[in-house]
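Chains A and B, in that order, are what the protein sequence lines are. Following the working numbering, the numbering of the first sequence begins with 32 at its first residue and continues without gaps. Following the working numbering, the numbering of the second sequence begins with 46 at its first residue and continues without gaps.
Among these hints, one or two may not hold up.
[Claimed, not checked] Below, simulated DMTMM-like cross-link-like pairs (lysine to aspartate or glutamate); rule was C-alpha separation at most 20 Å, straight line:
1. Lys-93/B / Glu-82/B
2. Lys-360/A / Glu-436/A
3. Lys-360/A / Glu-142/B
4. Lys-199/A / Glu-261/A
5. Lys-360/A / Glu-434/A
6. Lys-122/B / Glu-82/B
7. Lys-92/B / Asp-127/B
8. Lys-175/B / Glu-366/A
9. Lys-93/B / Glu-343/B
10. Lys-85/B / Glu-343/B
11. Lys-360/A / Asp-313/A
12. Lys-233/A / Glu-281/B
13. Lys-175/B / Glu-261/A
14. Lys-360/A / Asp-146/B
15. Lys-205/B / Glu-334/B
[To be verified] Okay, the calculated bits of chain B under chain A, using three or more residues with CB under 8 Å as the criterion:
16. 115-127
17. 142-149
18. 164-178
19. 248-255
Just so you know, the hints here were simulated from the structure itself, not pulled from any lab data. Bear in mind that the values here come from a model prediction, so they are computed numbers and not experimental data. Where a beta carbon is used, it is the ideal one built from N, C-alpha and C, also for glycine.
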Amino acid sequence: MERFSPQRQAASGLIALVNARLFDPETELDRQGGLLIEDGRISDLGPHITAASAGAAEIIDCAGRLLAPGLIDMMVFTGEPGHEHRETLATASRAAAAGGVTTIVCMPNTDPVIDDVALVDFILRRARDTALVHVHPMAAMTKGLRGEEMTEIGLLSGAGAVAFSNGKASLANARVMRNVLAYARDFGALIVHHLEDPDLAKDAVMNEGEVSTRLGLRGMPAAAETIMLERDIRLVELTGGRYHAGQISCRASLDIIRTAKLMGLPVTCGVSINHLTLNENDIGPYRTFFKMKPPLRAEDDRRAMVEGLANGDIDVIVSAHDPRGAEGKRRPFAEAADGAVGLETMLSAALRLYHNGEVGLSRLLRALTATPARLLGLEGGRLQKGAPADLVLIDLDTPWIVEPERLRSKSKNTPFDGARLEGRALLTIVAGHPVYNYANAGS
Amino acid sequence: MTFAAEPSIFAFPHRHLLGIEGLSREEIVALLDLSEEAAKLSRQIDKKRDDLRGRTLINLFFEASTRTQSSFELAGKRLGADVMNMSVGTSSVQKGETLIDTAVTLNSMRPDLLVVRHHAAGAVELLSQKVDCSVINAGDGSHEHPTQALLDALTIRRHKGRFEGLIVAICGDILHSRVARSNILCLNTLGARVRVIAPSTLLAPGIERLGVEVYSSMYEGLTDADIVMMLRLQRERMVSSLIPSQREYFHFFGLDYEKLARAKPDALVMHPGPMNRGVEIDSNVADDERSVIREQVEMGVAVRMAVLQALARHLPNR
Numbered sequence: 032m033e034r035f036s037p038q039r040q041a042a043s044g045l046i047a048l049v050n051a052r053l054f055d056p057e058t059e060l061d062r063q064g065g066l067l068i069e070d071g072r073i074s075d076l077g078p079h080i081t082a083a084s085a086g087a088a089e090i091i092d093c094a095g096r097l098l099a100p101g102l103i104d105m106m107v108f109t110g111e112p113g114h115e116h117r118e119t120l121a122t123a124s125r126a127a128a129a130g131g132v133t134t135i136v137c138m139p140n141t142d143p144v145i146d147d148v149a150l151v152d153f154i155l156r157r158a159r160d161t162a163l164v165h166v167h168p169m170a171a172m173t174k175g176l177r178g179e180e181m182t183e184i185g186l187l188s189g190a191g192a193v194a195f196s197n198g199k200a201s202l203a204n205a206r207v208m209r210n211v212l213a214y215a216r217d218f219g220a221l222i223v224h225h226l227e228d229p230d231l232a233k234d235a236v237m238n239e240g241e242v243s244t245r246l247g248l249r250g251m252p253a254a255a256e257t258i259m260l261e262r263d264i265r266l267v268e269l270t271g272g273r274y275h276a277g278q279i280s281c282r283a284s285l286d287i288i289r290t291a292k293l294m295g296l297p298v299t300c301g302v303s304i305n306h307l308t309l310n311e312n313d314i315g316p317y318r319t320f321f322k323m324k325p326p327l328r329a330e331d332d333r334r335a336m337v338e339g340l341a342n343g344d345i346d347v348i349v350s351a352h353d354p355r356g357a358e359g360k361r362r363p364f365a366e367a368a369d370g371a372v373g374l375e376t377m378l379s380a381a382l383r384l385y386h387n388g389e390v391g392l393s394r395l396l397r398a399l400t401a402t403p404a405r406l407l408g409l410e411g412g413r414l415q416k417g418a419p420a421d422l423v424l425i426d427l428d429t430p431w432i433v434e435p436e437r438l439r440s441k442s443k444n445t446p447f448d449g450a451r452l453e454g455r456a457l458l459t460i461v462a463g464h465p466v467y468n469y470a471n472a473g474s
Numbered sequence: 046m047t048f049a050a051e052p053s054i055f056a057f058p059h060r061h062l063l064g065i066e067g068l069s070r071e072e073i074v075a076l077l078d079l080s081e082e083a084a085k086l087s088r089q090i091d092k093k094r095d096d097l098r099g100r101t102l103i104n105l106f107f108e109a110s111t112r113t114q115s116s117f118e119l120a121g122k123r124l125g126a127d128v129m130n131m132s133v134g135t136s137s138v139q140k141g142e143t144l145i146d147t148a149v150t151l152n153s154m155r156p157d158l159l160v161v162r163h164h165a166a167g168a169v170e171l172l173s174q175k176v177d178c179s180v181i182n183a184g185d186g187s188h189e190h191p192t193q194a195l196l197d198a199l200t201i202r203r204h205k206g207r208f209e210g211l212i213v214a215i216c217g218d219i220l221h222s223r224v225a226r227s228n229i230l231c232l233n234t235l236g237a238r239v240r241v242i243a244p245s246t247l248l249a250p251g252i253e254r255l256g257v258e259v260y261s262s263m264y265e266g267l268t269d270a271d272i273v274m275m276l277r278l279q280r281e282r283m284v285s286s287l288i289p290s291q292r293e294y295f296h297f298f299g300l301d302y303e304k305l306a307r308a309k310p311d312a313l314v315m316h317p318g319p320m321n322r323g324v325e326i327d328s329n330v331a332d333d334e335r336s337v338i339r340e341q342v343e344m345g346v347a348v349r350m351a352v353l354q355a356l357a358r359h360l361p362n363r
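Using the sequences provided together with the hints, build the complete structure.
And the structure:
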């Protein structure tokens, strides 16, 4: 694995990644060649870049492995500020780097809530000082996430908030939601919404159905999601605001999304890696690491998510990384915290869909790179001349077993505990600097 | 003396009793046979045995209960165990200690048997993973209440002598009932035909997949039933708008003579208690000669003795 380390130090700050399979999901570029990094950007790429042509550059031989834009994860919950014992921006960024993720969008439901310019500034400064990867805050769309008064969407955008959300709760008040969408439109701001009718979802801890009945747990019907999604679509129709359903989880939601897109509305949606690869049966005997929001659904819903991703109805894959300590998870299922870590396993878990032949590589990686970049207005996510040198070198086939204690995240609540995955990030580069190297990492 | 002699051949292969799920038909029948012996013992003047002498049984109840707790207490004492009752009001749980901390603390006191009731489904199983002793589920949320199902099965067998072909109608708040779930699993395993009768708001989603016939009319569901098993209706159900009123509920789902007339003439009327007379069951029906509600309580002690006996072979501290 030594070959991924620079073979000779260059004085110029130039890096040449040679002998790679260059892969750009946006343009569907897929060919052998090399890539040149200069001042943190991709200065050139193509078959003409070889070890021989690289001149004074530092050379990294990719041994024919896949070189893609670094992943962009637009839904990451960290504990900073407020719950640093679960995760800090620094530890989340290390987990991200190990998973081939070069940009994370951190969610606003921290303590205090990211609903003020000063907090956006705080996140950006902390990230600059402590994080290995790019960090962009998503700000709250209502003050304190209370769902009553809208935040300073214009000023927050100016300060660096890339989108707006109401955290892990739906904004129940349709009038406020209408106003937020309408106002956000003036700034071109993206609204990312959690879908869950609060009354239908009350006390629910998993998907509603036979499994919840057997376990004696309160279930959440698909309608809790679809009712909120339908309402939101009507409000988008009314206002023209840019809208992104943060995570959908059931087949019925896909029909709604498809209809909205046919109507030409500015609507997109995401799905978490968990809902693409797991289902409610994984809960088994009350395994709380599989408790999340939205809940894991039936196998038919999971298959629908995969189909939706394959045909383009679903735009984005997120990790929905949500670190939770033992104090939150070692409880009876109904009382346990929601959420699962995912930054380090997202890429490998997603490759399952590629290996199964369910989703093409280009479609899969686009949902992890170019599409989130476009939605968030980021310049990464592309393997193109002039783009930031945020890159990941991927071995598509290396088998490995997830060992929670080796995860870099502070919290070890992975639903992939002991899972056999195929493929992983070998080398992660952020702004031209290697931030993770599998060969040196020892895991 | 007959109590230990014959049934001791039976080796119960489980360390805990967490639910009916996972028990085979043979295991259930063996527990019922053992219970039958315990029932005989309990009708003698000298009810005391020393099978569990020196053993410690802790009743850990996170949810209030009179009959189940006293039933386990009596069962333990009749077998010679030292019994301690712990209820949530006097424990450190209210000070924010987690369930697992409580389990670890109790485990350090080296009990042999732990009887647990908790308001959350799966809590008893979680606790069983953290202790060295045998754990008995005395009710976990809306999940299971295995000893209730066993005592119901025992009561049925004493009157009907069989399960095959019997039609058992379980009526009322199926959605929230752990008794219903355990009974469905138990009676299906034993070969009875199980029906559930409830308004749609009190039916659990996908319940038909558990192998029951679903009715929302008492008149239809009770037709030709051999056993009518009523469930308790909790008052909170009105507040959460699952049913409109007590009187409407009684009108359509309360067991009165008119509805009972649809069942077989020799049908048994059962109720896990405590009853709400005039809500889910007419007071006279509850006291009718077809009612075996008091016998259920008696069999409760017997079944719990049998379960303690069966688990005794797996006890730690040998």
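These are the hints, each one checked on the structure:
With a C-alpha separation of about 13 Å, the suggested pairing of Lys-93/B with Glu-82/B holds against the 20 Å cut-off. At most 20 Å may separate the alpha-carbon atoms for a hinted pair to count; Lys-360/A and Glu-436/A meet this at roughly 16 Å. In summary, the hint linking Lys-360/A to Glu-142/B is supported, as the alpha carbons are separated by about 14 Å, within the 20 Å threshold. Proximity of Lys-199/A to Glu-261/A is assessed by CA-CA distance (about 18 Å); at most 20 Å being required, the pair is judged to hold.
Proposed proximity of Lys-360/A and Glu-434/A is supported: the alpha carbons are some 18 Å apart, at most 20 Å. With a CA separation close to 16 Å, the supplied pair Lys-122/B and Glu-82/B stays within the 20 Å bound. Our distance criterion of 20 Å between C-alpha atoms is met by Lys-92/B and Asp-127/B, whose separation comes to about 16 Å. Restraint check for Lys-175/B and Glu-366/A: satisfied, since their Cα atoms lie roughly 18 Å apart, inside the 20 Å limit.
For the suggested pair Lys-93/B and Glu-343/B, the alpha carbons sit about 16 Å apart, so the restraint of at most 20 Å is met. Under the criterion of a C-alpha separation no larger than 20 Å, the hint pairing Lys-85/B with Glu-343/B is consistent with the structure, at around 11 Å. Taking the CA atoms of Lys-360/A and Asp-313/A, the gap is about 16 Å. The hint holds against a cut of 20 Å. Taking the CA atoms of Lys-233/A and Glu-281/B, the gap is about 15 Å. The hint holds against a cut of 20 Å.
For the hint pairing Lys-175/B with Glu-261/A, the CA-to-CA distance comes to about 45 Å; that exceeds 20 Å, so the pair is violated. Between Lys-360/A and Asp-146/B the CA atoms are separated by roughly 13 Å; this keeps the pair inside 20 Å, and the hint holds. Restraint check: the Cα-Cα separation between Lys-205/B and Glu-334/B comes to about 15 Å, which is no more than 20 Å; the hinted pair holds. Under a criterion of three residues with beta carbons nearer than 8 Å to beta carbons of chain A, the stated coverage of the segment 115-127 of chain B fails, only 0 such residues being counted.
For a cut-off of 8 Å, the count of residues in the segment 142-149 of chain B with a CB near a CB of chain A stands at 3, and the three-residue condition holds. Note: the segment 164-178 of chain B has 6 residues with beta-carbon separation from chain A under 8 Å; the three-residue rule is met and the coverage holds. As drawn, the segment 248-255 of chain B meets chain A at 6 residues by the rule of a beta-carbon pair under 8 Å; at three or more, the given contact holds.
In this structure, the hints that do not hold are numbers 13, 16, in rising order.
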